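Protein sequences, first through last, are from chains A and B. For what it's worth, this note's numbering labels the leading residue of the first sequence as 282, then goes sequentially. For what it's worth, this note's numbering labels the leading residue of the second sequence as 3, then goes sequentially.
The hints are simulated quantities; they were obtained by calculation from the structure and are not laboratory data. Quick caveat, the model's predicted, so the values are computed rather than measured. Even for Gly, the Cβ is constructed at its ideal location relative to N, Cα and C. Take these hints with a grain of salt, some might be off.
Below, in silico cross-link-like pairs of lysine to aspartate or glutamate (EDC-like), each with a Cα-Cα straight-line distance of 16 Å or less [unchecked claim]:
no., chain 1, residue 1, chain 2, residue 2
1, B, 230, B, 189
2, B, 10, A, 384
3, B, 11, A, 504
4, B, 12, A, 323
5, B, 195, A, 323
6, A, 506, A, 524
7, B, 99, A, 290
8, B, 291, B, 188
Anything over 10 Å on all C-beta distances counts as not near chain B; from chain A, calculated [said to hold, decoys possible]:
no., residue
9, 294
10, 314
11, 322
12, 333
13, 335
14, 372
15, 423
16, 473
17, 477
18, 484
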Amino acid sequence: MSNKIKKLDKLKKYATYAILIFFALINIYPIFWMVMNSFKTENQISINSFSLPKSLMLSNYTRAWNAVSLGRSFMNSFIVAGIAVLITVSIGSLAAYFISRFEFPGKKLIYSFFIFGLLVPIHGTLVPIFILMRNIGLVNTRASLILPYVAFNLPLTIFILSSFMKSLPKAVEEAAIVDGAGYLRIFWSIILPMTRPALATVGILNFVYNWNEFSFALVLINDNKLMTLPLSLSLFSGQFSTDYGMQMAGLSMALVPIIAIYLLMEDQLVKGMSAGAVKG
Amino acid sequence: MEHIYKHKKKLIYLGILPAFLLYLGFVIIPIFISARYSLVEWNGFSPPSFVGLENYAEMFGNNIFWRSLKNNMVVVLASVLGQVPIGFLLALLVNQKIKGRHFFRTIIFMPVVISAVIISLVWSMVYNYNFGLLNNILSFVGLESWIQNWLSDPDIAMFSVAAVIIWQFVGLYFIIFLAALQTVPDEILEAAKIDGAQGWKRTLYITIPLVKDSILAAVVLCISGSLKTFALIYVMTNGGPSHATEVMAIHMYDNTFNGMKFGYGSAVSIFIVIFGIVLVTIVRNLFAKFGD
Numbered sequence: 282m283s284n285k286i287k288k289l290d291k292l293k294k295y296a297t298y299a300i301l302i303f304f305a306l307i308n309i310y311p312i313f314w315m316v317m318n319s320f321k322t323e324n325q326i327s328i329n330s331f332s333l334p335k336s337l338m339l340s341n342y343t344r345a346w347n348a349v350s351l352g353r354s355f356m357n358s359f360i361v362a363g364i365a366v367l368i369t370v371s372i373g374s375l376a377a378y379f380i381s382r383f384e385f386p387g388k389k390l391i392y393s394f395f396i397f398g399l400l401v402p403i404h405g406t407l408v409p410i411f412i413l414m415r416n417i418g419l420v421n422t423r424a425s426l427i428l429p430y431v432a433f434n435l436p437l438t439i440f441i442l443s444s445f446m447k448s449l450p451k452a453v454e455e456a457a458i459v460d461g462a463g464y465l466r467i468f469w470s471i472i473l474p475m476t477r478p479a480l481a482t483v484g485i486l487n488f489v490y491n492w493n494e495f496s497f498a499l500v501l502i503n504d505n506k507l508m509t510l511p512l513s514l515s516l517f518s519g520q521f522s523t524d525y526g527m528q529m530a531g532l533s534m535a536l537v538p539i540i541a542i543y544l545l546m547e548d549q550l551v552k553g554m555s556a557g558a559v560k561g
Numbered sequence: 003m004e005h006i007y008k009h010k011k012k013l014i015y016l017g018i019l020p021a022f023l024l025y026l027g028f029v030i031i032p033i034f035i036s037a038r039y040s041l042v043e044w045n046g047f048s049p050p051s052f053v054g055l056e057n058y059a060e061m062f063g064n065n066i067f068w069r070s071l072k073n074n075m076v077v078v079l080a081s082v083l084g085q086v087p088i089g090f091l092l093a094l095l096v097n098q099k100i101k102g103r104h105f106f107r108t109i110i111f112m113p114v115v116i117s118a119v120i121i122s123l124v125w126s127m128v129y130n131y132n133f134g135l136l137n138n139i140l141s142f143v144g145l146e147s148w149i150q151n152w153l154s155d156p157d158i159a160m161f162s163v164a165a166v167i168i169w170q171f172v173g174l175y176f177i178i179f180l181a182a183l184q185t186v187p188d189e190i191l192e193a194a195k196i197d198g199a200q201g202w203k204r205t206l207y208i209t210i211p212l213v214k215d216s217i218l219a220a221v222v223l224c225i226s227g228s229l230k231t232f233a234l235i236y237v238m239t240n241g242g243p244s245h246a247t248e249v250m251a252i253h254m255y256d257n258t259f260n261g262m263k264f265g266y267g268s269a270v271s272i273f274i275v276i277f278g279i280v281l282v283t284i285v286r287n288l289f290a291k292f293g294d
């Protein structure tokens with residue numbers, strides 16, 4: 282290799298790192314800046330928001346925790362997101378099992394019908410779902426969130442699970458059928474355990490979508506006791522919008538679980554989100 | 003085998019039924035109900051009265067609606083022209099033998115998993131006139147004249163908001179392209195190298211045509227995602243100042259739940275659905291025509 286090409290390669294490498302580090306900073310620094318300022322007094326923030334905190338204003342944290350009842354909001358989000366995931370994965374995996382492992386009339390149609398849901402924007406359904414929930418008296422209940430969350434997550438869940446189940450060899454259940462095992466037994470004790478990696482992907486993916494969901498929560502919940510995390514946090518932009526130290530402390534706390542989940546389950550999340558994105 | 007399957011047909015349909023009913027009831031049927039609501043005048047309480055296409059006429063005669071459509075197009079363009087190229091560039095860079103690949107992937111994708119509410123509150127403070135990070139950096143590097151009221155100046159607020167939308171979702175397109183690039187066989191690129199295709203030429207003539215489908219998927223996703231934009235703007239500016247950042251979903255929400263015009267709001271939401279389908283169809287056809 283000539284010297285000139287070597288030099289060019291080196292230059293390219295430096296440029297690569299420079300660009301990547303630049304974008305990494307753009308992604309991280311605003312959050313770092315906020316966490317840093319969450320430990321400062323209002324005065325310190327307005328004088329110099331760049332500096333490291335000189336003292337630890339932990340009272341920002343206790344005030345934020347109480348102002349929007351963060352503990353309760355975490356709990357509400359956890360309950361709603363968790364129950365919705367359990368239902369979605371249960372009924373979604375059952376449907377995916379029959380769609381992927383059996384031949385029956387209307388199979389293709391049913392599958393396309395589910396996949397079509399990936400294209401439906403939730404704002405097209407917001408008004409009727411609000412009216413429906415009001416008519417059956419479910420507004421301001423957890424069920425009013427759980428039902429649409431389950432429904433809107435089913436298309437992606439069935440898409441990911443059935444493509445995974447389709448790839449399993451037919452031989453596994455043929456042996457079991459000869460042994461006289463019923464279809465539900467086969468589903469429960471053979472197919473489901475083999476599908477574990479895909480179940481993890483859809484489970485975590487649905488959980489994160491539900492955890493972050495805002496529009497349904499905004500329309501269907503106005504009782505403070507039932508507010509999910511995004512809804513509670515949105516109160517910061519209204520009534521507490523000038524107490525910045527407290528707001529930053531609240532947001533820093535709200536970031537902890539989602540960042541933890543992301544770092545622990547990164548591969549599943551990344552895989553799931555891009556699979557759904559490309560299909561949608 | 004066949005006869006066993008046929009014997010259990012009932013069980014099969016029964017197994018699919020729970021998912022089918024929930025999906026039908028809360029995703030599909032509501033769209034049709036929306037379409038029906040869009041033809042009535044209704045405050046949500048007193049009996050609705052049928053008005054035909056009047057809601058649509060009112061919508062097309064409403065300057066604020068046109069403003070929200072224009073703002074939505076700013077989001078669409080910013081996403082297609084911002085997220086897709088930046089995501090592609092970053093994917094090309096990370097798809098090399100470099101140190102810290104995994105680290106960069108983690109950091110670039112991270113904003114995608116954070117809730118729009120958190121992101122909009124963080125960026126509201128970054129944009130804050132007095133102590134915000136952006137104005138601080140500008141004065142630190144001596145660009146005091148660039149300091150702006152990023153979110154309360156109606157002339158620039160929409161662009162400030164669009165920048166945050168780009169920021170949040172670049173990672174998604176980055177991951178889509180990274181996955182696509184990893185399917186491009188090394189041999190093809192090596193062969194191109196031997197034939198003398200270097201650097202950018204190789205990317206332009208070899209790599210991009212090979213990942214064309216992913217680019218189309220990304221553009222389609224960009225469009226449908228941009229038309230859904232709601233939470234981020236709702237929390238950051240609530241469509242203000244004076245409708246400068248109002249997008250169609252905000253316009254719909256505001257008229258329905260604050261203005262109690264359920265019919266009008268439904269007309270807007272039906273328009274969003276149809277507009278999305280039309281835009282996506284146009285893009286798909288353009289790709290089919292000029293893609294090869």
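Now the hints, each set against the structure:
| no. | hint | in the structure |
| --- | --- | --- |
| 1 | B:230 with B:189 | violated (41 Å) |
| 2 | B:10 with A:384 | holds (11 Å) |
| 3 | B:11 with A:504 | violated (45 Å) |
| 4 | B:12 with A:323 | violated (66 Å) |
| 5 | B:195 with A:323 | violated (58 Å) |
| 6 | A:506 with A:524 | violated (23 Å) |
| 7 | B:99 with A:290 | holds (12 Å) |
| 8 | B:291 with B:188 | violated (29 Å) |
| 9 | 294 | violated (7 Å) |
| 10 | 314 | violated (5 Å) |
| 11 | 322 | holds (12 Å) |
| 12 | 333 | holds (14 Å) |
| 13 | 335 | holds (16 Å) |
| 14 | 372 | violated (4 Å) |
| 15 | 423 | holds (15 Å) |
| 16 | 473 | holds (13 Å) |
| 17 | 477 | holds (20 Å) |
| 18 | 484 | holds (15 Å) |
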